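Engineer: First to last, the sequence lines map onto chains A and B. Residues in the first sequence are numbered consecutively from 1, following the numbering used here. Residues in the second sequence are numbered consecutively from 1, following the numbering used here.
In case anyone wonders, no lab produced these hints; they're calculated from the structure. Accuracy of the hints is not assured; some may be wrong.
List of simulated lysine to any residue pairs, SDA-like, C-alpha gap at most 25 Å [stated by the list, open to error]:
no.: 1; chain 1: A; residue 1: K841; chain 2: B; residue 2: K500
no.: 2; chain 1: B; residue 1: K746; chain 2: A; residue 2: I244
no.: 3; chain 1: A; residue 1: K363; chain 2: A; residue 2: S255
no.: 4; chain 1: A; residue 1: K746; chain 2: B; residue 2: E654
no.: 5; chain 1: A; residue 1: K826; chain 2: B; residue 2: R840
no.: 6; chain 1: B; residue 1: K507; chain 2: A; residue 2: G508
no.: 7; chain 1: B; residue 1: K505; chain 2: A; residue 2: P402
no.: 8; chain 1: B; residue 1: K337; chain 2: B; residue 2: P284
no.: 9; chain 1: B; residue 1: K610; chain 2: B; residue 2: S659
no.: 10; chain 1: B; residue 1: K502; chain 2: A; residue 2: A671
no.: 11; chain 1: B; residue 1: K674; chain 2: A; residue 2: S604
no.: 12; chain 1: A; residue 1: K841; chain 2: B; residue 2: Q825
no.: 13; chain 1: A; residue 1: K208; chain 2: A; residue 2: T286
no.: 14; chain 1: B; residue 1: K826; chain 2: A; residue 2: A366
no.: 15; chain 1: B; residue 1: K674; chain 2: A; residue 2: S255
no.: 16; chain 1: B; residue 1: K363; chain 2: B; residue 2: S453
no.: 17; chain 1: B; residue 1: K500; chain 2: B; residue 2: T533
no.: 18; chain 1: B; residue 1: K505; chain 2: A; residue 2: S604
no.: 19; chain 1: A; residue 1: K507; chain 2: B; residue 2: S604
no.: 20; chain 1: B; residue 1: K505; chain 2: A; residue 2: D603
no.: 21; chain 1: A; residue 1: K843; chain 2: B; residue 2: T240
no.: 22; chain 1: B; residue 1: K674; chain 2: A; residue 2: L501
no.: 23; chain 1: B; residue 1: K674; chain 2: A; residue 2: H645
no.: 24; chain 1: A; residue 1: K674; chain 2: B; residue 2: S453
no.: 25; chain 1: A; residue 1: K572; chain 2: A; residue 2: T693
no.: 26; chain 1: B; residue 1: K843; chain 2: A; residue 2: H645
no.: 27; chain 1: A; residue 1: K502; chain 2: B; residue 2: S675
no.: 28; chain 1: B; residue 1: K610; chain 2: B; residue 2: E654
no.: 29; chain 1: A; residue 1: K826; chain 2: B; residue 2: T240
Under 8 Å between C-beta atoms, here's a sample of chain A residues computed to sit facing chain B [claimed, not checked]:
no.: 30; residue: N149
no.: 31; residue: F152
no.: 32; residue: E197
no.: 33; residue: D607
no.: 34; residue: N680
no.: 35; residue: G684
no.: 36; residue: P695
no.: 37; residue: V730
no.: 38; residue: L795
no.: 39; residue: S798
no.: 40; residue: D800
What you are looking at is a predicted structure, and each value in this text was computed from that prediction instead of being measured. From the three backbone atoms N, C-alpha and C, an ideal C-beta is built for every residue, glycine too.
Protein chains: 2
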Amino acid sequence: METTSLQKNSPGLAGGSLTPPEKFVYFFSDQETDGNASFKNLLGGKGANLAEMTSLKIPVPPGFTISTEICTHFYQIGGQLPEWVKPAVIQALKKVESRMGKKFGDISDPLLVSVRSGARASMPGMMDTILNLGLNDETVEGLASKSGNARFAWDSYRRFIQMYSDVVLNINGSLFEVAIEDLKEDKKYHSDTEMSEADLKSLVQKFKNIVSSMSGRAFPTDPMAQLWGAIHAVFKSWNTARAITYRDLHGIPASWGTAVNVQAMVFGNRGDDCATGVAFTRNPSTGEKKFYGEFLVNAQGEDVVAGVRTPVPIDQMEKVLPQAYQELVEIYQKLEKHYKDIQDIEFTVEKGKLWMLQTRNGKRTAKAALRIACEMMDEKLITENEAILRIDPASLDQLLHPRLDPDASKTVLAKGLPASPGGVSGQIVFESEDAVKWKELGKKVILVRVETSPEDIAGMVAAQGILTTRGGMTSHAAVVARGMGKCCVAGCGEIFVDEKLKTLKAKGYVLKEGDVITLDGSTGEVFLGEVKTLPPELSDSFDRIMALADRKRKLKIRTNADTPKDAQQARKFGAEGIGLCRTEHMFFGADRIDAVREMIVADSTSDREKALQKLLPMQRQDFYEIFKIMQGYPVTIRLLDPPLHEFVPHTDEEIKSLSERIKVEFNQLRAQIKSLHEFNPMLGHRGCRLAITYPEIYKMQVQAIAEAVVLLTKEGVKVEPEIMIPLVGVERELQILREQADAVVKDVQVKSKNYFSYTIGTMIELPRAAVTADLIADHADFFSFGTNDLTQTTLGLSRDDSGRFLGSYVNQGIFAKDPFVSIDQKGVGLLVKTAVDLGRKTKPDLKMGVCGEHGGDPDSIEFFHRVGLNYVSCSPFRVPIARLAAARAELLSPAK
Amino acid sequence: METTSLQKNSPGLAGGSLTPPEKFVYFFSDQETDGNASFKNLLGGKGANLAEMTSLKIPVPPGFTISTEICTHFYQIGGQLPEWVKPAVIQALKKVESRMGKKFGDISDPLLVSVRSGARASMPGMMDTILNLGLNDETVEGLASKSGNARFAWDSYRRFIQMYSDVVLNINGSLFEVAIEDLKEDKKYHSDTEMSEADLKSLVQKFKNIVSSMSGRAFPTDPMAQLWGAIHAVFKSWNTARAITYRDLHGIPASWGTAVNVQAMVFGNRGDDCATGVAFTRNPSTGEKKFYGEFLVNAQGEDVVAGVRTPVPIDQMEKVLPQAYQELVEIYQKLEKHYKDIQDIEFTVEKGKLWMLQTRNGKRTAKAALRIACEMMDEKLITENEAILRIDPASLDQLLHPRLDPDASKTVLAKGLPASPGGVSGQIVFESEDAVKWKELGKKVILVRVETSPEDIAGMVAAQGILTTRGGMTSHAAVVARGMGKCCVAGCGEIFVDEKLKTLKAKGYVLKEGDVITLDGSTGEVFLGEVKTLPPELSDSFDRIMALADRKRKLKIRTNADTPKDAQQARKFGAEGIGLCRTEHMFFGADRIDAVREMIVADSTSDREKALQKLLPMQRQDFYEIFKIMQGYPVTIRLLDPPLHEFVPHTDEEIKSLSERIKVEFNQLRAQIKSLHEFNPMLGHRGCRLAITYPEIYKMQVQAIAEAVVLLTKEGVKVEPEIMIPLVGVERELQILREQADAVVKDVQVKSKNYFSYTIGTMIELPRAAVTADLIADHADFFSFGTNDLTQTTLGLSRDDSGRFLGSYVNQGIFAKDPFVSIDQKGVGLLVKTAVDLGRKTKPDLKMGVCGEHGGDPDSIEFFHRVGLNYVSCSPFRVPIARLAAARAELLSPAK
């Protein structure tokens, strides 16, 4: 199998026989450098950056890069290093020896090198690295005597054998780990650092025995042989199954190939005039413009990371190694100016000499990113557009919710999916009704359910946060919680909930109703007990970047809001309308759910109309309040969508109680409820299909909308109502229902003598609607893409059931991301584009937007911008993210 | 609402102001005729046919047709008859008077006319007809005296008022019915015929009173006013809601309009030299070439139909009215020769003179159609191609199954959907296990279920027929029964089944297990007790037409067959391969279902593999047998498709029993089974998704296929295996699974040293697969369109749940037909076409077929032919239908 992939993906196969390029080994040193940052395609990111630093006259240990073209040649001849490559490598190695004043393989003071891969695009986790190459039984003694630290030399040697055996010789790494563990057990050591020079020497011997017995050959002692082996292994690593999957996922062509970087090793642990450290040019946590980092005297890079010794703040280095520090400061300032971004640097001081080992753009928190972007803009280092592009829109989510104090101590109970961000603590309850009751008693609760359904809405509103053990990122719990801006951890399979016993089990703990837990909705973690939280912080920088984004973007941003509270929250976050107001959530109110049920089980149209008349004033009031808050911004109201069985109780006990309340005989009621059962409710009797069979439902809703508009117009409030008919698949459905709705509105208009304007549109959420959008557009004033359902139907994938296998799908590169989180552009996206084009063919000015969960996903927003939608609509707490993503989309692909 | 439709659909609106056409009233009579059959667009079907007869010198009562163009003018000026039309009508009426020697409105011998609509395309049920127009209180006396039958005259008059009031004056027809009923009750009459002349006179008076009080005006007495009103009403009837729906359904443009036919009335009840009759030029039941029909002396047309008097066989007419009969024979022969098809004629003899009132192509049974086509071909009346086109492919279904004796007496119990044809009787059982047991005892049983599931397969096999109370034409029961060629009535909601009590209730009857019923799968009727059946008859004509069809068609016809028995049946019916061999039905065998369940609930890959090893030899044997029967014809084997929960038991009792058999602890087993639950199984963990998560399942199946091929090759049997991977949505799914399957096949090939050829393809059954078919084609040797699931996903419509509302959808013209029966060409069909084009873009020779239920539907087959598929696959009993439909498709739109 792998052979086939390899053949298919191999660079070179397509190109036929190749002739050697003129130049393919690029040297870099303080005196002579062949490349720079613009050579990224040939040298890979790492090689180009090292060359760039040397050409900036920044001290970098000398080395050379074998170009990506050689990777192509390598596969062209069946996975071997062409012989003609070797002389150039040897020549470059000689130059490194000369710049370092050491010789490769010299038994008294050996030059050691690192060998690393480096592709054009960053491919983290794929990068095989071999350090300390050049060590053998003889050179290790030279390193020991020159460094004055025999333990260090032998430790380096055993690490080298371990690394090389794994990467180059393909020997199972656990064999070496077992040998180490055996030794530690023998000697009753607790940590690796307790191993003595003698221990390490004996380990080296054991390691070499493992290599001989596993590979049938002795560990290679010739440094040149080691080098060829390492270069070969790096090229080969380009086509591991792991790398191929990664490339497929990220759309990286196999033909790009990887480069190989060979670089002189330097050591920060050869005395007190040596040091090693890592630093950021600004504070990556707060964004403050202050040099930030840590270092250790007489230490190796890994000591800083491993926490064996406590590193010292970087500014202390001024006292200890003043000259090197001065130089470091000059370099970091130069690098930041040069790269125009915060840099994450690594350095080593060997015998007083500063060497830079790496620079790259620094990772930062959202808070820091905003501040750095604003300050760099003020410093004229970057433009407005660059400032916008510097912020990852998704990262803003961190800022909009209370979050757990990162410094608080925590006991992790389990980990689920980070379904809706924020950090909250509360007492656990297992029933929605209990959540409501406890809340009324002033308690803070976390609602814990196997999964939630629309009947849990009241409980979800009452709870601080929601925890479910089933369902994915777009399960009912997740979607509704995000809509409410409420913290939610979903699909937490490590927890076992017994809803009857009202217990929660995880990691051996058994929690009862009332016990306290804490959720981190941004990581999916669940903690035992209460964890301190920090309030959300929205800085001036946030406001500045948002204002900037609003100036640049072309897409309008609306929100999905079903309640006045959500609408208000969304307005605060800058929403310019409601793109989706679901009317079904309104049906669940305690004061009306029984009327809804009466309507559902009605035997005749007249009984149904009677029940609907009870609902009319309540719906009118719902719409009145939402319209009022939105003050003239467009409000898209979706008429009833879910199948009716979602509104009725299903246990005999509940049915009995309902039968008494609405005075319908139990057996009859039970039979009516059972008859509503569906095998595939997603594809069932719902959406506009309800109105084709029971026209009176939509008529009541349209009447409520129209009457609310009339009331508000009397008060002088502007209203822009948009009536949306869901789940249309066939143009005639919309034709029939539109005529019906128009007639109802006209009735209200005539009676009130108020001929207000309104529009009627539809959701495009079925593949048939997408491919016949030209016909549907005949009857629509607007389209709103319901990309949740369009994803379910186009992929034939149930959102609620796909959790069981979607993981495998993402792991195996079938989907790059969960298609319910980020739109599947090649499939579902193609249908969206088709519908946009067909719709505009019929009506060039047709207003189009999206109201699925994808409306809050930055990648998806960029896609929607490109295909020419007018707006996206997302949950209130994602509005700022969408505003920024929309600006980014316009900057990256300006609207025509 | 209606206004909008009317405006939208009105002819004329688009055309702007129109000028009157030069000619718009077309006269027809024995002496002068303006039109003929080629004037259908202007005169409508009826008008053109009347003109055609007169131009053949066939005696037809004279009359005239107002052309369809006037319909356009009518709507152009807001729904009025243009004034300039009237003089031409009056002039034509004068000619009719002159030809008939009577005057319109003459009180002594009035000319009466009929007024009928007639559009270009046949629109049955829309045709408003007014007879006896011209009667009033004075002319009725003239008619009475001239006819010598006052009762007839007054009965004609009261019928005229009734008909005219309904059609022209829009008065609720039930008012008149009530008046008749009141009279009959008063007089204790049992039938209308008991009413005397005096009764009818009083009725006429009552009717006129009803008209005055309902319309506020007296019934029009002026014959000319009656005529204008009738013409106006016919034009108006073109745009009733009913007509618009019908047009939408059948794609008839509103702009065509209807014509109006005004024709002199003739009467067959004015004495013993009068008669009336209906006849067929050949026997419409058997096809025998013999004049066939009935007549009555001194009678009206409706007397023949109403059964008040017993009509006499047509050949008796030779004795009674020899001259008229001779003329009739000449005319029928002339008509058949002229129209080159069996004619259904109506005639009247008035005072010895023969008048033809209608000729049209006669409806016939499938058996007759075959014989007539063959004999007319032999008579050189029609060509081979015409012979093929004369047979409705769907009608063949009547011939392939035993059917109920049409002459047997029957008691209808209920009516459901005609899900799978045939007629069978048997004792009812309510459990599949009972069906199997009773069958073993030699009993014939009908399996009665609320609905069936894959677990019922054994019971369905054992039963004579299947009756379900839920589910549509494509429910599990219907699909499986059709596949087996087994009689099935589905979705019979009039029957209430209590599976626990084992009773069936309908129409007040309560049937217990063991009681006998009879099913008619061709009509959906269920009868009490046993009804005599007739065996299927396949005539020589059938064989001749089939052979002809095979010569003409380009599409290959395969079958869907899961068992050797089905495969054998299909070969007999001419199948050229298996297009769909479902492997899951094999999993339900009593000898293997527990191994399947062990596999499903396995905790680890190795446990799963162990269970699969038990299944391997059984699957190999399944494939071996099917391949052997198909002797080198291609066999497409679909790897496992349904979600795993379909294979496991769900009640605690069953789980307990399974837990003992497979030795898995009850609670663990139960939990595992519960965890398989899905909200929308149709969109769940099924198809290739199973193999992405559990690769070992498909590996076992592929190994079984490959080993079966090896066995047969040794025996010298040719095999053409096609391995089909279902539910692919993303190209990489197919890539991964194909590589895996190739590797398994290669293993078997290497071990057996038999490098047989095989292909691997996929089903295109998800919208995403359709729109990315170019990418999928990279990894496929063939495509098979799974149009059942493609319909479900494209329309977002669950086959199992749509029964509840699909009726409303067809009634309201949203779907022309059930989209699971006949493919939705505009939506689902568009995706099929897209995928065909994209697939061929990647691989011009890609083999493509269809294996959904649509593969046996003639309209769909024609569509598949047009888009360029290579084959269709259908259930064995539909293979002959498909062969004929494919020939028809090629004749109607020859492949390029």
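Engineer: Would you mind confirming whether the straight-line C-alpha gap from K674 (chain B) to H645 (chain A) stays at or under 25 Å?
Structural biologist: It holds: about 21 Å lies between the C-alpha atoms, which stays within 25 Å.
Engineer: Quick one, are K674 (chain B) and S604 (chain A) close enough, alpha carbons at most 25 Å?
Structural biologist: violated (38 Å)
Engineer: Would the pair K337 (chain B) and P284 (chain B) pass a check requiring their Cα atoms to be no farther apart than 25 Å?
Structural biologist: holds (17 Å)
Engineer: Between K674 (chain B) and S255 (chain A), does the CA-CA distance stay at or below 25 Å?
Structural biologist: Judged against 25 Å, a Cα distance of about 48 Å means the pair is violated.
Engineer: Take the C-alpha atoms of K746 (chain A) and E654 (chain B), compute the straight-line distance between them, and say whether it is at most 25 Å.
Structural biologist: violated (59 Å)
Engineer: Would you mind confirming whether the straight-line C-alpha gap from K746 (chain B) to I244 (chain A) stays at or under 25 Å?
Structural biologist: Holds, because 23 Å separates the two Cα atoms, which is no more than 25 Å.
Engineer: Is K572 (chain A) within 25 Å of T693 (chain A), Cα to Cα?
Structural biologist: violated (40 Å)
Engineer: Does S798 (chain A) hold up as a contact with chain B if the rule is Cβ-Cβ below 8 Å?
Structural biologist: This interface hint holds because 4 Å falls under the 8 Å limit.
Engineer: Holds or violated: K841 (chain A) and K500 (chain B), Cα atoms, limit 25 Å.
Structural biologist: Violated, at roughly 58 Å.
Engineer: Quickly compare the C-alpha distance for K363 (chain B) and S453 (chain B) to 25 Å and report which way the hint goes.
Structural biologist: violated (39 Å)
Engineer: Measure nothing beyond the straight line between the CA atoms of K826 (chain A) and T240 (chain B); if it is 25 Å or shorter, mark the hint as holding.
Structural biologist: violated (46 Å)
Engineer: Is the interface hint for N149 (chain A) satisfied, with its Cβ closer than 8 Å to some Cβ of chain B?
Structural biologist: Where the cut-off is 8 Å and the nearest Cβ of chain B is about 49 Å from N149 (chain A), the hint is violated.
Of the numbered hints stated above, those contradicted by the structure are hints 1, 3, 4, 6, 7, 11, 13, 14, 15, 16, 17, 21, 25, 26, 29, 30, 31, 32, 33 and 36, listed in ascending order.
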